[in-house]
Amino acid sequence: MTTSIVAEDLRFSYGDTLAVDGVDVRVEPGRTLGFLGPNGAGKSTTIKMLTGQLVPDSGRVEILGMTMPAQRTTIQGRIGVCFEEKNLYLAMTGEENLRFFARLFGMRGFDPAPLLERVGLGDRGRDRVSEYSKGMRQRLMMARTLVNAPDVLFLDEPTDGLDPVSARMIRDLIRAEAARGAAVLLTTHDMMEADQLSDQVAFINEGRILTLDTPEHLKLTYGTRAVRIRTQRSASQVDERVIPLDGDGAAAIQQALAEGEVLTIHSEEATLEDIFVHFAGRGLDA
Amino acid sequence: MSTSIVATIVRKDLRELRADRFFLLLTVLSVVFYPLIFWVLPSTVDETLRVGVVQRDVGPLLEGVEDTDGFAVTEFADEAALADALVSGQGDLVAGLVFPDDFLSAAASQQPSQVSLLVTAAVPPEVESALSTLVSELALVALGEPAPTELLADPVVLGEDRVGDQVALREQLRPLMAFFVLMTEMFALATLVAAEVQSRTVTAVLVTPATRTDFLAAKGLVGTGLAFLEASVVMALIGGFAVGAPILALALLLGAALVTGIGMVAGAFGRDFMTVLFISILMMVPLMVPAFAALFPGTTASWVQALPSYGFVQTVVEVSTQGAGWAEVAPDLLMLLGWTVVAFAAGVVVLGRRVATL
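Just so you know, the sequences run in chain order V and A. Take 8 as the starting number for the first sequence in this note's numbering and just add one per residue. Take 4 as the starting number for the second sequence in this note's numbering and just add one per residue.
Among the clues, some could well be false.
With the Cβ distance kept under 7 Å, some of the chain A side facing chain V (calculated, not the full set) [as the list claims (entries may be wrong)]: (1) Thr11; (2) Glu19; (3) Ala22; (4) Ser202; (5) Arg203; (6) Thr204; (7) Ala207; (8) Val210; (9) Thr211; (10) Pro212.
Hints were generated in silico from the structure; no laboratory data involved. We put the beta carbon where it would ideally sit given N, CA and C, even for glycine.
My request is simple: use the sequences and hints to build the entire structure.
Here you go:
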C-alpha cells in the first residue's frame with residue numbers, strides 16, 4: 008500500500024530565517040499524525056510545503072505516491088485542507104460555498120445536502136455564511152475539506168476556540184475519515200485532542216521534529232509506571248501513596264485498596280505536554 | 004490553465020458581486036447617475052492665447068504684443084510652417100496670423116490688404132474676435148489712428164471645418180463619463196480582490212486543482228468584462244455609439260483591461276475597504292486628468308498626453324466629436340494598447356506575488 012504522506016529532509020527559509028530544518032514524516036492510509044508545537048515552530052510552513060502552497064528549499068515531498076510540486080494539480084485533487092483561518096466566502100451561502108469548491112474539483116451535479124447534514128448544518132445550508140456562528144463556520148470548513156472525499160487530510164487547528172459540542176462533532180468526523188481510510192495530518196495545540204485522535208504524534212520546535220512516536224509509547228517512555236492512590240482511612244485521615252507497577256505492584260495495590268475507602272486512583276504516566284516540555288524545554292504556549 | 008476552473012471562479016465572483024450591496028449601488032449609480040449629470044459643464048478655460056505669426060513688416064510692433072495680457076506669440080518663417088505647427092499641435096498654438104508684406108502701407112492707404120487667420124476646428128469663435136482686436140491694435144500703434152478697414156480676413160480653418168456643426172459641451176463630456184464608469188468598476192474589482200486576499204479565501208482555492216494562473220485569469224476576465232459591459236451601457240445611454248461604434252468598442256475594451264490591471268494592483272495592496280478606497284483614488288486622479296483636459300479647448304499639455312488614459316480619452320473624443328476613423332485614431336489606440344499591456348502585466352505580477360506570499 009502506498010504511503011499517503013512522505014516528507015524527507017524538508018527545509019524552508021523565509022529570507023534569513025530558517026523555518027523548517029530537516030523535517031521527516033510519513034503517514035500511512037487510515038492513520039492520523041498529530042503535529043504538535045508552539046506558534047512559529049514550523050507546523051504551518053511544513054503543511055504549506057506538503058499541500059503545494061510553498062516549494063521547499065530542499066527535501067522531498069510525496070503525496071499518495073506522487074511528487075510535489077511536479078504533480079501538484081493531480082495531488083491537490085485528492086487532498087483536503089482545513090485552514091486555521093475561517094477562509095469562507097461570507098457573502099455566499101453554505102451550499103454555494105460547497106458547490107463552488109466541488110466545481111473546482113471538477114465535480115458536476117454535486118449535492119451539498121448530505122455533507123451539510125453530516126456537519127450538523129442541514130437546516131442552514133441556504134443561509135449566508137456571514138450569519139453563521141464561529142462553530143458553524145468551522146463545521147462548514149470541515150465540510151468543505153471533505154467535498155472531494157479526500158485521501159489525505161491536512162487539518163490545521165480544526166477545533167481551536169470551539170464550543171465542546173462543535174469540537175466533539177469535528178473530532179468524530181476526523182475519526183470517521185481515518186476509519187474510511189484517509190490519512191490525516193492534524194496540527195493542534197490541544198494535547199488532549201492529539202492524544203485522543205492521533206496514532207502517532209510529532210513534536211516540532213524551531214523547525215525540527217524533536218520526537219515522533221505513538222502517544223502511548225511516549226507516555227510510557229517518559230512517564231512513571233506507577234499509580235497514585237488516595238484512600239480515606241478514618242474520618243480525619245487521608246492517605247496518599249504512589250505504587251510502582253513493576254515488581255510486586257499488584258499486591259501493593261490490593262493492600263492499599265483494602266486499607267480504606269478509595270477516593271481517587273490515577274496512573275502516573277506522563278502527559279504529552281510533559282513530554283513536549285521534556286524535549287523542548289518549554290511549553291506549547293511559550 | 005483550465006477554462007472550466009476559470010469559468011467556475013468567474014461565476015463565483017459574479018455571484019459575490021451580485022450579493023454585494025455596495026457594488027450594486029456603485030453599478031446603479033454609474034448607469035443611472037452618470038447619464039443624468041451629462042449636462043454638467045466646465046467653468047474654467049486657459050485664457051492665454053498662443054498665437055503663431057508670420058511677420059513681414061510688422062516685426063517691431065509684435066515685440067510689444069508679448070507684454071499684452073493674455074497673448075503669447077511665436078514667430079514662423081512662412082504660412083506653411085505655421086499651418087503645420089497648428090495642425091500638429093506644436094507649441095500649444097490656438098491660431099495663426101499671416102501678415103502680408105504690405106500690411107502697414109496698405110492699411111495706411113486704406114487699401115484692402117488683409118491679415119490671414121489660421122485656426123483649427125477646435126478653436127472657439129471667441130478666439131477670432133480676440134485676434135481681430137489684436138490686429139487692430141497693431142494697426143493703431145503703427146498708424147497712430149484706427150485702421151480704416153477691417154483688417155482680419157475670414158478665418159482659414161485647418162482640418163475639418165465645423166462651422167455650423169460645433170461640438171456641444173455635452174458631447175465633450177462623453178470621455179469623462181466613460182472613464183468614470185471604468186474607474187468605478189476598477190474600484191469594485193479592487194474591493195473584490197482585496198477581500199479575497201485579506202480573508203485568504205484565495206488560499207483555499209489554490210489548494211484545489213485551481214492554479215494561480217486560473218485565479219488571475221478569472222479576475223482579469225471579471226474586471227475587464229464588467230468594466231467593458233457597464234461602460235458600453237453608459238455610452239449607449241448617452242448616445243456615444245452613434246459614430247464609430249467599432250472603434251469606440253475597442254477603446255472601451257482596452258480601457259477596461261487597463262483599469263482592471265490597475266484594480267488588481269490596488270486590490271493586492273488593499274488591507275480593508277478604506278485602504279482600497281485610498282489606493283484607488285490615488286490611482287484614479289492622474290488617470291482622470293486627460294478626461295478633464297478634453298473638456299477644455301486648446302491643445303493638451305504634453306505631460307497629459309503621456310498619461311495611460313490619454314489614448315482612451317483622445318480616441319473617444321476624436322471619434323465621437325470629430326467622426327475620426329481608424330487611421331486618425333490609430334496612434335492613440337496604439338498608445339492605449341501599450342499602456343494596457345503594461346498595466347495589465349503589472350496587475351498580474353503584483354497580485355500574483357501577493358497571492359504567492361500569503
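A closest beta-carbon separation below 7 Å is what the hint needs, so does A:Arg203 meet it against chain V? Check passed: Cβ of A:Arg203 comes within 4 Å of chain V, closer than 7 Å.
Against chain V, is A:Pro212 within 7 Å by beta-carbon distance? Nearest chain V Cβ about 5 Å off; hint holds.
Taking the closest Cβ pair, is A:Val210 under 7 Å from chain V? 4 Å, holds
Does A:Ala22 pass the interface hint, meaning its C-beta sits closer than 7 Å to a C-beta of chain V? Hint on A:Ala22: holds, closest Cβ of chain V at ~4 Å, below 7 Å.
Hold the hint about A:Thr204 up to the distance rule: shortest CB distance to chain V must be less than 7 Å. 5 Å, holds
Close enough to count: is the Cβ of A:Glu19 nearer than 7 Å to one in chain V? 5 Å, holds
Any CB of chain V closer than 7 Å to the CB of A:Thr211? 4 Å, holds
Hinted contact A:Ser202 with chain V - closest CB pair below 7 Å: 6 Å, holds
Hint status (Cβ of A:Ala207 to nearest Cβ of chain V, threshold 7 Å): OK, holds: A:Ala207 within 7 Å of chain V, min 5 Å.
Interface hint outcome for A:Thr11 [beta carbon to chain V under 7 Å]: 4 Å, holds
Comparing the model with each numbered hint stated earlier shows that all of them hold.
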